[in-house]
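Given only the sequences and the hints, what does the whole structure look like? Please build it.
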Amino acid sequence: MSKHLQRGLDALRQSLVEQFGRVEQMIQLAVRSLVERRTDLADRVIASDEGIDQAEIQIEEECLKLLALYQPVASDLRRVITVIKVNSDLERMADLACNIAERARALDLHPLFRAPEELIEMVTVANDMVRNALDSFVEDDPAKAVEVIRTDAMVDALNKIIIDQLHEMMTSNSEMIEPAVHCFSASRHIERIADLAESISEDVIYLVEGEIIRHKHGVFFETHEGSQ
Amino acid sequence: MTRMLSPNTESIGLMNEVSEAKPKAESPQTNPSGPLETAIHTENLCAWYGDFQALHSISIDIPKNHVTAFIGPSGCGKSTLLRWFNRMNDTVISAKATGTVRLNDLDLLSKDTDTVDLRRRVGIVFQKANPFPKSIYDNVAFGPRLHMKLRRSELDDLVEWSLRKAAVWDEVKDRLNGSALGLSGGQQQRLCIARAIAVGPEVLLMDEPCSALDPASTLAIENLIFELRKQYTIIIVTHNMQQASRSSDKTAFFFDGRLIEFEDTERVFTMPKNKQTEDYVRGKFG
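Top line first, the protein sequences correspond to chains V and C. Each step along the first sequence adds one to the number in the numbering used here, with nothing skipped, and position 94 is 94. Converting from the second sequence to the numbering used here requires adding 228 to each position, the first position being numbered 1.
Hints may be right or wrong, so weigh each one.
[As the list claims (entries may be wrong)] With a straight-line Cα cutoff of 20 Å, these simulated EDC-like cross-link-like pairs (lysine to aspartate or glutamate) come out: (1) C/LYS501 <-> V/ASP140; (2) V/LYS3 <-> C/ASP279; (3) C/LYS377 <-> C/ASP366; (4) C/LYS501 <-> V/ASP53; (5) C/LYS324 <-> C/ASP279; (6) C/LYS324 <-> C/ASP335; (7) V/LYS85 <-> V/ASP53; (8) C/LYS503 <-> V/ASP140; (9) V/LYS3 <-> C/GLU506; (10) C/LYS501 <-> V/GLU211; (11) C/LYS503 <-> V/GLU211.
[Claimed, not checked] Pulled from the structure, derived: some chain V residues nowhere near chain C, Cβ distances all over 10 Å: (12) VAL17; (13) GLU50; (14) LEU67; (15) ASP76; (16) LYS85; (17) CYS98; (18) GLU147; (19) ASP156; (20) GLY210.
Calculated directly from the structure, the hints in this document are not laboratory data. Model, not experiment: these values are computed from the prediction. Cβ atoms here follow ideal geometry from the backbone N, Cα and C, with glycine treated the same way.
Right, here's the structure in full:
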């Protein structure tokens, strides 16, 4: 392999890991702003989005450069394709973190509103998924990626419980409708972040195993059960 | 003779086909219908140059009407294998081989095989274009004159059909009696392909056919390979990974005289099974 390509791939990996770190921090701040009712944290999240957007474009340009100049194949090709996809998912995660921060700001106007307790648990699980997705990418670890994919069902279940509780709250107390809608949206955004962590994990499995498992988790898990 | 004349009777339709590139999706490779028909069956082929064993138990079935690329570092045996497919190795005194190589029912390794007829059925195009020092017309007509008895008008039709099939007709039609040596490298190579297909081969062997050509001529040859696959079985030896990935349906990777991996080209360049194949296509060695 050309040393230029190897250097480019190394730099690309480093850039993406850094972007991952920034997005992970944004998500953590966003959910803290929501749970702890801290608008200062929400402001920090929203302010940092521009940097994420710029980094996303730089990483994408670097991927296109490597494709155009070196026409990578096999695992090198899979790595560039994975970076392109993960890069896009990270940018969307950052946007969702901003949306959560905006909901946190809106909830600041409703001091009497109490979010369902399951929200904290959901936030914890979603954060773990994002961190594990990053680890699976950094370590080229498909087993960890599988763990993330399996965990997504838990977030979906918690989201449903939260939505049911918010629905009940809105039905019983009309004054809580507005904050409950904000909380409802925030919960959906967290659930979407978990979905994107799952999507990144699918890409890590493609990177390492060369297999596209999107839409067919069951088949993949069945055939790889022995390795889990 | 009947078989040879058939291209002429269809020539108008075929002429129109030649220059129209078809999308890759139409490649026979993407046809999921069962196992592929075999053009050349090779089993446990071992080959030597004197005491040096160049090929070790090669077993490979070359699919009919597909393009198969042979890749591997220099000295890995890919050209040796190619040259056993039409017995070009007969010209090397120390060359010998054991095992089985069959073109349909014809035993290619048998001493009784008529090598002149074999080379009509299995044509070869070399790295460096090697037109005869004759006119363009005579280059293409050389084989048919040797193998067939055609009337002048039939020969004219066959020469035109072959040159059109090789996508060089438009460039040479006004100077068919001019020397073939006056053509550019890319034109000479396409002329050699026209010369090979004029005798109605079943298989076309190409030993690094573009290595001495500029990008435009290379593209013309690759487009030609794409078109010719509909009627011929093509085997191309290449050191150019991009060419192998662009032009072929199947790819065979050789190393140290052994067949390491033989798979769909798409698979070889995205997810090769073998670590050595992976390292080679990534350019880590060779």
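Hint by hint, here is what the structure shows:
no., hint, result
1, C/LYS501 <-> V/ASP140, "holds (18 Å)"
2, V/LYS3 <-> C/ASP279, "violated (38 Å)"
3, C/LYS377 <-> C/ASP366, "holds (15 Å)"
4, C/LYS501 <-> V/ASP53, "violated (38 Å)"
5, C/LYS324 <-> C/ASP279, "holds (10 Å)"
6, C/LYS324 <-> C/ASP335, "holds (15 Å)"
7, V/LYS85 <-> V/ASP53, "holds (15 Å)"
8, C/LYS503 <-> V/ASP140, "holds (17 Å)"
9, V/LYS3 <-> C/GLU506, "holds (17 Å)"
10, C/LYS501 <-> V/GLU211, "holds (12 Å)"
11, C/LYS503 <-> V/GLU211, "holds (17 Å)"
12, VAL17, "holds (22 Å)"
13, GLU50, "holds (36 Å)"
14, LEU67, "holds (12 Å)"
15, ASP76, "violated (6 Å)"
16, LYS85, "holds (15 Å)"
17, CYS98, "holds (36 Å)"
18, GLU147, "holds (23 Å)"
19, ASP156, "holds (31 Å)"
20, GLY210, "violated (3 Å)"
Checked against the numbered hints given earlier, this structure breaks hints 2, 4, 15 and 20; the rest are met.
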